[in-house]
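Participant: Whole structure, please, built from the sequences with the hints as guidance.
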Amino acid sequence: MEYLYENILLLDWKMVVMWAIGGLLIYLAIKKDMEPSLLLPMGFGAILVNLPMSGAVTQGAEEGVLDVLYNAGIANELFPLLLFIGIGAMIDFGPLLQNPKLLVFGGAAQLGIFLTLSLACLFGFDLQDAASIGIIGAADGPTAIFVSQWYGSSYTGAIMVAAYSYMALVPLVQPVVIRALTTKKERLIRMPYQPANVSRTTRILFPILVTIVAGLIVPRSVALVGFLMFGNLLRECGVLNSLSETAQNVLANLITIFLGITIASRMQAEQFLSPDTLLILALGLLAFVFDTAGGVLCAKIINLFARNKVNPMIGACGISAFPMSSRVVHKMGLKEDPQNFLLMHAAGVNVGGQIASVIAGGLLLNLIAR
Amino acid sequence: MMLNTALFLESLAYLGKGMLGILIVMLLLAGCIALLNRIFHE
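Protein chains in written order, with our numbering: chain A, 123 to 492; chain B, 153 to 194.
Calculated directly from the structure, the hints in this document are not laboratory data.
All figures in this text were calculated on a predicted structure; none of them were measured in a lab.
Ideal Cβ positions, reconstructed from N, Cα and C, are used throughout, including at glycine.
You may find that some hints are simply not true.
[To be verified] Computed spacing ranges between beta-carbons, pair by pair:
{"no.": "1", "chain 1": "B", "residue 1": "Gly-168", "chain 2": "A", "residue 2": "Asp-459", "range": "33 to 39 Å"}
{"no.": "2", "chain 1": "B", "residue 1": "Ala-158", "chain 2": "A", "residue 2": "Leu-362", "range": "39 to 45 Å"}
{"no.": "3", "chain 1": "B", "residue 1": "Leu-179", "chain 2": "A", "residue 2": "Asn-198", "range": "31 to 37 Å"}
{"no.": "4", "chain 1": "B", "residue 1": "Leu-179", "chain 2": "A", "residue 2": "Pro-341", "range": "16 to 22 Å"}
{"no.": "5", "chain 1": "A", "residue 1": "Leu-403", "chain 2": "B", "residue 2": "Leu-172", "range": "27 to 33 Å"}
Facilitator: As structure tokens, this is what we get:
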């Protein structure tokens, strides 16, 4: 009868803790609707890889399926790039094209990436791991995976849990920071929306232009920006609707299924349960706080000089985390003044933040050698 | 836990370069979009 219980004897408490963490992720995904498409596969995967002698991960000479998937799609950065085609096809850059100045807030809200990188260095991480932790501040899962894989960080599991959890927590994190940095008077600033037509030619040329400009200045961002913009070109060209729909739905969903569960292969107890993981989770939260602060403070600085004042709350949307961040700010605006509709401005900043976070990721790769 | 102040100070250069770089790229893109809008307005 030994064959029935010999594996059970290999169970240790760390594995049980990981089951609890996996269970928590599944709970948050189902009950709290927190990024369910990623947290649920990651939660289930965390249980899958923390069973004694789990056949899902490599054991000695026997290669596990999750490691096969990891090597095929994440170690070579393929999955995040393919997902970007879907994301690019989903995004309507119209609000940004109507008011391109909003891109500045997207840039300012990347402060969290670089400030967190410095803090991670202070806490003893080497430069490459610090860059991988800082990229949590991109508030963009595929970029975080891409950068942490580029640097071969051993903290990918913790970085992904932090990135996706805090993205889901944007409605809790951002309002606190925004209120702390703005006065009631500033939050009441109205921003009239004047819809302007953006020509089809502009919409088609935009993704090509972004790819060329970003590629010329930040060559390492070309893969990230290029795939995102390729997806957007599929959407805007008007002659590939079926490909655009496939990218938005089938491709994005397929990759998302594999991405979550494959990331979990880096959530094995020995790697995941360490003080470093807690530190990464804390630094990830700070990254989101600094991002929000960067966008809001940028708007406040612009208001010192601008004739038409900007509601500083919209600066916070530069965090990327599309479209949650713009919804949060829109709701905050309505709460302060039921006649203040910030949604279109916030959405413009938000999609600008998406572009900025991807370019900031490429900038990191250019600045810090692996 | 040991604090690595030397690396922290070194990393501040990346903070400066990174923020400056991203803001310049964003301003450049904003200018290009404004130009596109002006040329191809409907």
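Participant: Now, for every hint given, state plainly whether the structure supports it.
Facilitator: For each hint, the structure was consulted:
1. B/Gly-168 - A/Asp-459: 33 to 39 Å: holds, 38 Å
2. B/Ala-158 - A/Leu-362: 39 to 45 Å: violated, 52 Å
3. B/Leu-179 - A/Asn-198: 31 to 37 Å: Holds: the Cβ-Cβ distance is about 34 Å, inside 31 to 37 Å.
4. B/Leu-179 - A/Pro-341: 16 to 22 Å: holds, 19 Å
5. A/Leu-403 - B/Leu-172: 27 to 33 Å: Between A/Leu-403 and B/Leu-172, where Cβ atoms are some 29 Å apart, the hint holds.
Hint compliance for this structure: hint 2 is the single one not met.
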